[in-house]
Amino acid sequence: MNAPDPVLASVLQRRLRAITQEMGLTLLRTTRSPILSEARDFVTGLYDAEGRILEQAEYIPILAFALAPACRAVIAAFGRDVHPGDVFLHNDVFSGGNQNNDVAVFRPVFHEGRLVAWAATKGHQADIGGAQAGGYNPRATEVWQEALRIPPLRVVERGQLRRDVWNLVLANVRLPIVAEDLEAQIGGTVVGERGVLELYRRHGAAALERHLEALFDAGERRMRSELRRIPDGTYRGESVVFYDGHHPGSRHRIVVTIAKRGSDIAFDYTGTDPQTVGFVNAPYASSFSAVILTLLMLVDPDLPHNEGILRPVRVHIPRGTILNAEFPAATTFGNTLAGPHSDAIFRALAPALPDRVSAGWNRMLGMTVTGRDPRRGRRYVDILFLALKGGSGAVRGTDGYDHIGLINTAGGLLAQDYEMLEVHTPHLLRRHEYLADSAGPGRWRGGLGVETEFEVHGEDVTGVVFGDGVDEEARAFGLFGGGPGALNSIELTLPDGTRVVPRSKDVVAIPRGTRFRQRAGGGGGFGDPRERPAELVAAEVRDGVLSRAAARRDYGVEVDAETFEVERVTGGRRP
Amino acid sequence: MIAKSGYRIGADVGGTFTDFLLQPALGRPRAVKVPTTPPDPTDGFFAGLAEMATGEGRSLGEFLAEVELIVHGTTITTNAVLTGDVARVGLLTTRGFRDALAMRRGIREAQYDNRYRAPEPLVPRWLRLPVTERVDATGAVVAPLDDRDVEDALARFAAVGVEAVAVCFLHAWANPAHEVTAARLATAALPGAYVTRSSAILPQIRFTERVSTTVLNAAVGPVLARYLERLTTRLALTGFRGTLLVMQSNGGVAAPATARAAAASTLLSGPAAAPTAGTAYAATHGLRDFLTVDMGGTSFDVCLVRDGAAMLTSEGRIGRYPFGLPMLAIHTIGAGGGSIAWIDDGGLLRVGPRSAGAAPGPACYGRGGSAPTCTDADLLLGLLDPAGFLGGRLRLDPGAARAAVEGLAARLGLGVEAAAAGIVEVIDANMAAGIRHVTVERGHDPRALPLVVAGGAGPVHAAGIAHELGITRILVPRDSSIFCAAGMLFADLRHDLVQTLVVPVDGLDADRLRGVCAALARDGHAALAGEGVPAARRALALACDVRYVGQYHEITVPLLAEEADAADLSGVAKRFHEAHDRLYGYALPDTPLELVNVRGVATGLVDKPRLPEAPAGGAARTLRRGRRRAWLAAERAFGEVDLYDGLGLGAGARLAGPALVELPLTTVVVPPEWRLETDRHGSFVLEPA
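Taken in order, these protein sequences are the chains called B and X.
Sequential numbering of the first sequence, starting at 49, is according to this note's numbering.
Sequential numbering of the second sequence, starting at 647, is according to this note's numbering.
No lab work stands behind these hints: they were computed from the structure.
The hints are all genuine.
Computed spacing ranges between beta-carbons, pair by pair: (1) X/Leu728 / B/Gly319: 49 to 55 angstroms; (2) X/Arg1000 / B/Arg299: 45 to 51 angstroms; (3) X/Ala789 / B/Ala597: 29 to 35 angstroms; (4) B/Arg420 / X/Pro1235: 25 to 31 angstroms; (5) B/Asp212 / X/Arg1160: 44 to 50 angstroms; (6) X/Asp1236 / B/Gly252: 42 to 48 angstroms; (7) X/Ala696 / B/Arg242: 52 to 58 angstroms; (8) B/Arg596 / X/Gly1012: 54 to 60 angstroms; (9) B/Arg596 / X/Arg794: 24 to 30 angstroms; (10) X/Leu672 / B/Arg242: 52 to 58 angstroms; (11) B/Arg210 / X/Lys1220: 30 to 36 angstroms; (12) X/Ala696 / B/Arg479: 57 to 63 angstroms.
Note that the structure is predicted; figures quoted are calculated from it, not measured.
Glycine included, every Cβ here is placed at the ideal spot set by N, Cα and C.
Pulled out of the complex, with its shape left as it was, chain X reads as follows (with noise of 0.2 angstroms):
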């Protein structure tokens, strides 16, 4: 299964557009992009894969014969959350606590907004039955599973047409006979229905998270399985014969199959890969540690990348429903090139979250809008082409977006120029903001971390951002445009496993923690090799999370394999102690410490391809397009800055700010005092000169 020869393709399907990288067994890979068809991707994703065969030469069929490997990210299950387009479902749960979804802990987000209205729960009241069944913290059965209970709970799911079954009950993650049963007893009752159970999909104690994360996974386990069905059945239809993975959340892929058991393990399947796509990129210059950040048309996503591994969350949301499976601690803004300045009452400029998105767009676009965006403000400085925009596609009308920043101009006093340095300067510390959120609050300086940026506007920020943070290096892949495609063919099969075991480290009994360590390698291992890897190229991460006894909050360490099979768990403590000072200052290495859960990752090696490299030549020196009058944010002034055409940049190529380096998708801004580098994969690098 693992691809040897013949083509790879990177499919990324996002809400707007979908992006292919197709990576030849020999040569240059391409990027394609193509418009997302709302209605049933799929046919955007045949119109990409047809015009990827057209530029190889042959037909669709002869093409996708010599198709290895296609990895496959959708916001199919994503976009179902947030619209609410989702299966329906029935909660079978404990007798007593069938609010626990909806109650969300009681908490109100908006504290003094008494018009602020908690999210529809994803299972209706009149679907969450409760069963009479009870097991305690220590996995003992205080009150037997009533199958009668259960039955009249299916018969009634089955009456009313549920498609899909979640069985969460207290304490599953200590003892899940109870669940295994009612699970089974759906099964039997609604053949077809997809059935999920919390200790399969997460035995992990805290029942707010794992009943959330059941029923998310309930939700949209029908929706992607007939997605994934209509796409690997029209896929053979055509002539595909290799495999096809399923980028998931966690940052790695996996066979539809598992996909298709953990549905909402693929949440957050696109952006997921952006920082594997970083982490290839930033491996060719030996970083391990840096950001990647994401500016778009409405959204800035930042993940942080620790030692080569992009940071995972456990504690995550989709929406605003949590959700406990792993996955990557990607943080999201609402700052992109189509978010809205506007002045609150106090007097002051702020920029978003409300952004005028791709329609009516930015006053600039000329379709309609008129309300002042990042994108105009960014032309009125000068750092966009109106001409060069999205490949010359589109034109930008200067006129419009200074009669668009006008008249917040004049309400601040300021002139239209300040007015849009103003905006930018704005926006990006809001995402300076987002950044010091993945780092300064959990113990990161990111003055060290290098930045590796994709988007549209990902380039046109990065400067003014790391000037925000005191940043000193920068990476723009010249892909960055279709980052995320790009990534899927770097990723690795994984799977995230855990199992709740909470116990005193000193005095542990060894035999239990050697017993759930073994079952969680018996079922990473299982999952790999039923995706068809090889023992060979498989591989078991453990890792523990502990708290001071008392502490209500974990965090988690790496647990060596020999320190498993030898139940000592001193290495752990050690690392627990050195990351709670790091973290919040202090430790504390006389206080005893607590085991919580004992997680695995499970990984599939994959071979990766390649980065190509850049043609050499294109001397920064012949590929100076002129000059342009553009603001120097750094110096709050406007200066002649000198401007390249970024897709003659050869490898080497070197030029000093303040520059402009433009390419079709986007324009990487170089202020005063940087120098940029053309590295042999064609990617840019920017630094302090």
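Looking at chain B on its own, in the form it has when it is part of the complex (with noise of 0.2 angstroms):
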């Protein structure tokens, strides 16, 4: 066999990365959900016919490096029964899926009668059956009670769509445009088998696939160089999960110790909390996924994305615990756990990487709201997504990112237009801005949050809320001085004047007249504020985002109320 060639191996990259773009952006432009369309909430990628990771584009990185499990679950279900032509849907996540509503859609594509890849497209369905309309159930002590379970299940068969099928699958779903959104999702795949094959064409099977091996070394090697630059031993971080929709005032630990040996990394939760009674729980995929996303922001943003990377990287999660819920577990709360998990591996690995890791980020607290818009007589479902994002840690060197949302969207998710926003959905907005005061001060502060203040014009509106952020020990923390974001908050004025303030994981009925304001708090900041340079301190408070009490006591100094100039500065070392 012959030596790879390195140029051949990069045009290929190259070329994967340009296949995945392809098929998100088929996504991007004709689904209809605004989860979806508008949030971007889902993922492209292809896999070889192992279930190896190729290639991904990861618009929410939390349903990524989900993919290619729940692919290895569609191959171990079907085995040699797998034809050109199919085409499977999976969202199973006992089987290797992230959350019951992330649903995937797997391709398999032939060469010469060969299976060679597959192509998958996963995106957060607007509905997927259950007992709550959206999928977030808080009162779910079990799977059934969530969703519609689809394991690796063949909805298209040699090209012949199985009506029996798709309609048993759509006549558990609420809403008519996700059978829309799954055939979106379905023309991605087609995207996909398309790009591979033009390079099975053009190199031959013998060349491409030694050069994807190829790329899997390289990415590996890739890893492995960052991985040695964090210092050998053993790292121990904890967080700390806040009510489980049950028991109020519960607790759930998470516990990680992170093993560094030369160029191996590996994760273990022994010691994480037993799983709770109800959907605060994750399944495997889900965790997995958060541990990955948090160690490629801890490395070089540019590496490749495929199968290699993850060689290095051992993940070991009880099972029975809340990051490995065992069946028949409630999980729809599993990816909002990505934000005390990072915070755990933030803290592990603050002493031994001080010039990489974030402090904590804004913990999500969001709502789901569904309804009927009389304008259209239809129904409608938002996830309110321009409430919800908070802002991230700061880092050595920068500020934390305002506005960004939960760290398991990694900055990729889109809060909707303000103008589209009231075309499609039957709520008129009166505030979407910075909310002062809400970074974590520091030498770098956090992000800051927003704050949002809507009239609901739907009728029989149902929230429900979710999330975290809300408990003074869930502030976005400071790091190495630097100190806590501000807390999340949702505060309901119904039409009588009476104040609502719902707790995570509450149903609540909304009358049509209803005021709705949500606070989403901050990222936290990262050294000693008091060496934070005074002029910026003074530009913010001049911009309204640091009011002049907080400039004094965070950061020491008096801003001039007029002139915004820097009055006196006390204490600290300033640079």
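Grab the two chains, each in its own frame, and use the hints to assemble them into the complex.
Structure (structure tokens):
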């Protein structure tokens, strides 16, 4: 066998990336649900015949590293019974899925009669059955109360839609747009298949496959070279998840022990608390994705995303814990656990990697609303993405990112456009602005959170609150002397003037005319705030994102109320 | 105002060079290239005019008196944005929404990079002032405009020397009344300030894009106004009595006063002329569908032309700022002669996007550069003549190129030449990916599209790119190095208009649609009339942005005049389904449609110069300069190739690859089993033999 050609390998890497991006663009343009077409809550990817990652376009990373496990589940279920023109669906969290609503579509790619690859898309469906529209059911204690389970399922056989199977799935889903969005996802896999076959035609199977192996090896080498930069050692981190939705005040620990030796890294979650009775649990694939996306923030952001980069990484999560719940647990909250989960990893590695770890990100608190739009006489579902996007944690050298949203999206989640939102959804926005004093103070401050207000003009509206970051201890933490970010809150003012402050995991009826107000908090600060240049502090007072009182209290900077000049600086070492 | 005799000049003020094409009333055009003078680009502009005057044996005053038309492309607004050297802007916006400009919908482009910073907003928060007012999506007033709020905000702007005021209110596309009032108050309170409102510049739904576009317009408005003032004054003082037109991002031209009011429409002024130029050259071969590619020192621009018209986008970006005005969909990637080759930690060869630029430049320039670049690889592969680069003005040093590539080759375990070939292959693949982005990803098959090639490095790499994509026709205009300047003389006056109208296509209110179309037509005609275009030379084309009910993205399809008069959208629906099928692989003919925007393009036709005929003669055989050892990419081996003097090749000359056709500013690579033919205008056409 000839040695692989590094030039061809490089060219292939670029082509594979282009194919997954083209698949993503197709989804972006054709899907209906705003969760997909506006917020971009989906991923696309290519896998080899064994289900190894060739390349992915990770609009929302928490879904991404759960595609390969699901692909392997399809392979395990169907073995050799896979044919050209087949299409498979999958969402089952107990066979590689990360969240019930995140439905994957797989298309096998055949070259000269041989299965050579899989093209896949995965997207957050507006509904996938279960007891609660939209999927977030805090009352669920079993998976069947959350969603329709779809284990590896053939919906298209040799190019023929299995109409009965398709109808069975959609008969268990509330919204007709789900059918259209699944069709768009299937269309995305056609684009992927076309691209892969073009590569086979151009290079021939033998040369192509040898070079794909070379790409895995190159990815592995790059990850190992990054991991070598982390000092060897064993690092322990913890964080707490608050309230399981059934026992007010309940606390659940995540414990990670990270062993770094040479160019290998292992994450061990022994000591993590048992799974909860409700939906505050993660399936393994979601937790695995959270590990990888957090790790990717600690290495060169330019790494290729193929199977090779995963080879030096071991993840052990004991079964029956909150991060690897056993069948038939409810788990829809699992993706959201990426927040506290990444906190534990950053805390563990802070002593070893002070230049790379991030202070805490705002732990997202959100609400899904479903109701009827009286203007069109139709049902609508919306995850109020624009309201839930808080700030990220600061890192050494850079302030946190404002209004970025939960860490499991890594900044890939788009907030709705105000005007399009009002055309599509019967809500009248009153405010959407940065929330002053929400950033954790620091030499580098956390990212700013936002404040949102709107009037609900829909009918029969139900809101489901999910998320975190409301308890004092759940503030985005500061690092190396930086302070924590502001908390999250949701408050409803009903038409009769009653104020309602729903807790996370509450299901609330929202009468027409209700005024909704949400605060998404900021990220944690990094380093001693008294070392932040006073002029930067004064500039943020002038901009109105920092109050004079907070400037005085947190930064020791007295700012003139009229001129916004620095009047006096107290304490600390200023560079 | 339409030139009939006398000189016409296309002038492209770029970042490094200012290019001119001088077109006399009779006779052959002449190309002139002078250095750009950044502190005041009018200096370089006049240096070029003086050189042309001398060439014509006239004084500058005599010469300018005979110039009828100057079409001017400039990067002045682009550079102002990219360097942050823009006007101080104050933004008036709806209370509660002052941060949309900075938030950009909360996106972080580099997902895993916790050190990534969002672009600095063009208006700081303390100058983004909220006023009480609210209109809803139907245009109904929810809260009236509070004039006191506006006046207070304007007083604050005045106190800190704001030069431009941007007004952008929620849903102003549905009802501009509040913006009109606020803009009027701003003009009164800040005399001399540049005032712009979103409902005038872009009355189109989607607040993020609209506020960003309005602010971009305000930020570059005073910059462009000052520059045009200086230029027109200086021209008038020197004796120019003709017409000055400014190249816009949409591929059309406009009078200075129009350009001044919509300054942001010049943000892509320079490169926008390339597809126009390409259209002129391609038309002589009956081509209406093709790609223009321009490979310079640091970047590679590609644009798709379909049915004789360059593709436009209204979802563009300037730097990292969203931009909603229609502009040519020119896709740029970091690939050029100066692109640096490197090896990543995984051992893979990469090229770009970092570039050695013009200084220090590629190693072979001998100006202190030591990094291996694309040009070094081209030289080592025998594709460039060390003595003939830039018309012989720069002698290339093959030893320096070899030294630069050696280290890289050793790490790859390859010989120097194989490494150089790898560099070329990788950068060609990168450029091919850039072409896929504007073709395959938008439902067009690149194999059917000829390449029209510009830029110094373009003709060297065109064959490699074509090979990568399966393209079988390449057109290299002889003046490809001043392509954009030439294109400016072929551009019509053009104004893009839009009005959002979100309504279901079924049961459409006919009078509303007619009203919107009539208003667009009125505005388009008024703009052209103001530029002196007679009615007989004006054209107005309408189009609709349509989507399936519930979709979030629209497709633009033509709306015929008679359909607009009859308010009949059945043809629009048919075109939409076809386009959706072509773009995304499926259509849903039974699903209801929604109209989102109505668009108008007002065109004022100008007389186009005729492409000059190339002198006959100059058969290939007599112009063979010899042979050289050069890399044959398709065979992955070196071979002996024929060298030709490109300047001497007359119309009808034919030659067979492998060959290199050498011109003062570039080299055309003709691969084995391809042939080259000179057309009657002297352009080179490459096709498989």
